[in-house]
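In the order they appear, the protein sequences are chains A and B. Heads up: the first sequence is residues 1437 to 1550, going by the numbering used here. Heads up: the second sequence is residues 74 to 188, going by the numbering used here.
Derived from the structure by calculation, the hints contain no laboratory data. Hints are supplied without guarantee of correctness; some may be wrong.
Claimed, not checked - Computed Cβ-Cβ distance ranges for the label pairs, DEER-style:
1. B:124 with A:1441: 22 to 30 Å
2. B:129 with A:1519: 42 to 50 Å
3. A:1452 with B:100: 37 to 45 Å
4. B:153 with A:1510: 36 to 44 Å
5. A:1509 with B:125: 30 to 38 Å
6. A:1446 with B:187: 26 to 34 Å
7. A:1492 with B:88: 16 to 24 Å
8. A:1517 with B:185: 37 to 45 Å
9. A:1450 with B:185: 18 to 26 Å
10. A:1475 with B:134: 22 to 30 Å
11. A:1463 with B:124: 21 to 29 Å
12. B:93 with A:1446: 29 to 37 Å
13. A:1446 with B:100: 19 to 27 Å
14. B:128 with A:1520: 41 to 49 Å
Unchecked claim - Listed below are several chain B residues computed to face chain A (Cβ distance under 8 Å; list not exhaustive):
15. 121
16. 126
17. 185
As the list claims (entries may be wrong) - When the alpha-carbon atoms are kept at most 27 Å apart in a straight line, the in silico DSS-like pairs for lysine-lysine are as follows:
18. A:1519 with A:1478
19. B:142 with B:122
20. A:1519 with A:1493
21. B:131 with A:1478
22. A:1493 with B:185
23. A:1478 with B:122
24. B:142 with A:1519
25. A:1478 with A:1514
26. A:1493 with B:131
27. B:131 with B:142
All figures in this text were calculated on a predicted structure; none of them were measured in a lab. By construction, the Cβ of each residue, glycine as well, lies at the ideal position given by its N, Cα and C atoms.
Below, each chain spelled out in residue letters.
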Amino acid sequence: EPEVTQTPSHQVTQMGQEVILRCVPISNHLYFYWYRQILGQKVEFLVSFYNNEISEKSEIFDDQFSVERPDGSNFTLKIRSTKLEDSAMYFCASGGQGNTGELFFGEGSRLTVL
Amino acid sequence: AQSVTQLDSQVPVFEEAPVELRCNYSSSVSVYLFWYVQYPNQGLQLLLKYLSGSTLVKGINGFEAEFNKSQTSFHLRKPSVHISDTAEYFCAVSDPTGGGNKLTFGTGTQLKVEL
Chain A
1437 EPEVTQTPSH
1447 QVTQMGQEVI
1457 LRCVPISNHL
1467 YFYWYRQILG
1477 QKVEFLVSFY
1487 NNEISEKSEI
1497 FDDQFSVERP
1507 DGSNFTLKIR
1517 STKLEDSAMY
1527 FCASGGQGNT
1537 GELFFGEGSR
1547 LTVL
Chain B
74 AQSVTQLDSQ
84 VPVFEEAPVE
94 LRCNYSSSVS
104 VYLFWYVQYP
114 NQGLQLLLKY
124 LSGSTLVKGI
134 NGFEAEFNKS
144 QTSFHLRKPS
154 VHISDTAEYF
164 CAVSDPTGGG
174 NKLTFGTGTQ
184 LKVEL
């Protein structure tokens, strides 16, 4: 069964450092997403990506964040100059063509900022 | 804008007992509705979804949910829970008129099944 894979599973970084989280979505999917879950809180939408550009972003997704799909398979989230409050689990998700409603999630990348 | 409310942050229940996890939503448009489950240290897995048609939706692991438009609810039920059902359950909505499948999640309900 196809699945969304994410790397790394856990990353520890110092405040102010740059972090890149990687995702390989399901191969024939067209819509890609990043969500964030701070420990003990709900899953929050960060950004959606379609047709090689951002289709929607939340107020959380400020200039500190960027996404790209560099090679047609990977989908990355870059966090520049990390802050303590960026510590969270980051989930990548992908969805197929048309609005079938279902997103497929990866197992997440846990980011710890010290 | 859409929002989802899960009033119960934690629900303890004994094994083999029935359980209901509550979900209410608000939206100015019609919605798709979902329940996702998150087992410890894992990602989110789809339990079931309502897109259209029958308001009673059956999902995996014996779960079902009923869409009630007048009460704007989509409560999740299971007649007899098992220890392995212990997990975090998230209700979510999406806008069917949108081009993609962006989900808005509730705050989650921790289901703890005890012997």
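Residue 1519 (chain A) and residue 1478 (chain A): Cα distance at most 27 Å? Within the cut-off at roughly 19 Å; holds.
So does residue 128 (chain B) sit 41 to 49 Å from residue 1520 (chain A), Cβ to Cβ? holds, 45 Å
Taking the CB of residue 129 (chain B) and the CB of residue 1519 (chain A), does the distance hold inside 42 to 50 Å? With Cβ atoms ~45 Å apart, the hint holds.
Measuring from beta carbon to beta carbon, are residue 153 (chain B) and residue 1510 (chain A) in 36 to 44 Å? Since residue 153 (chain B) and residue 1510 (chain A) have Cβ atoms about 43 Å apart, the given range 36 to 44 Å holds.
With respect to the beta-carbon atoms only, verify the hint that residue 1446 (chain A) and residue 100 (chain B) lie 19 to 27 Å apart. Violated, since residue 1446 (chain A) and residue 100 (chain B) (Cβ atoms, about 36 Å apart) do not stay within the stated range.
Please verify whether residue 1478 (chain A) and residue 122 (chain B) have alpha carbons no more than 27 Å apart. holds, 19 Å
Measure nothing beyond the straight line between the CA atoms of residue 1478 (chain A) and residue 1514 (chain A); if it is 27 Å or shorter, mark the hint as holding. The given pair, whose Cα atoms are some 21 Å apart, holds under the 27 Å limit.
Against the 27 Å threshold, does the CA-CA distance of residue 1493 (chain A) and residue 185 (chain B) hold or violate the hint? violated, 34 Å
Using the Cβ atoms, figure out if residue 1452 (chain A) sits within 37 to 45 Å of residue 100 (chain B). holds, 40 Å
Range hint compliance [Cβ, residue 1450 (chain A) to residue 185 (chain B), 18 to 26 Å]: With a Cβ separation near 36 Å, residue 1450 (chain A) and residue 185 (chain B) fall outside 18 to 26 Å, so the hint is violated.
For the hint 26 to 34 Å, verify it against the beta carbon of residue 1446 (chain A) and that of residue 187 (chain B). holds, 30 Å
Just tell me: holds or violated, for the beta carbon distance of residue 1517 (chain A) and residue 185 (chain B) against 37 to 45 Å? holds, 39 Å
In this structure, the hints that do not hold are numbers 7, 9, 13, 15, 16, 17, 22, 24 and 26, in rising order.
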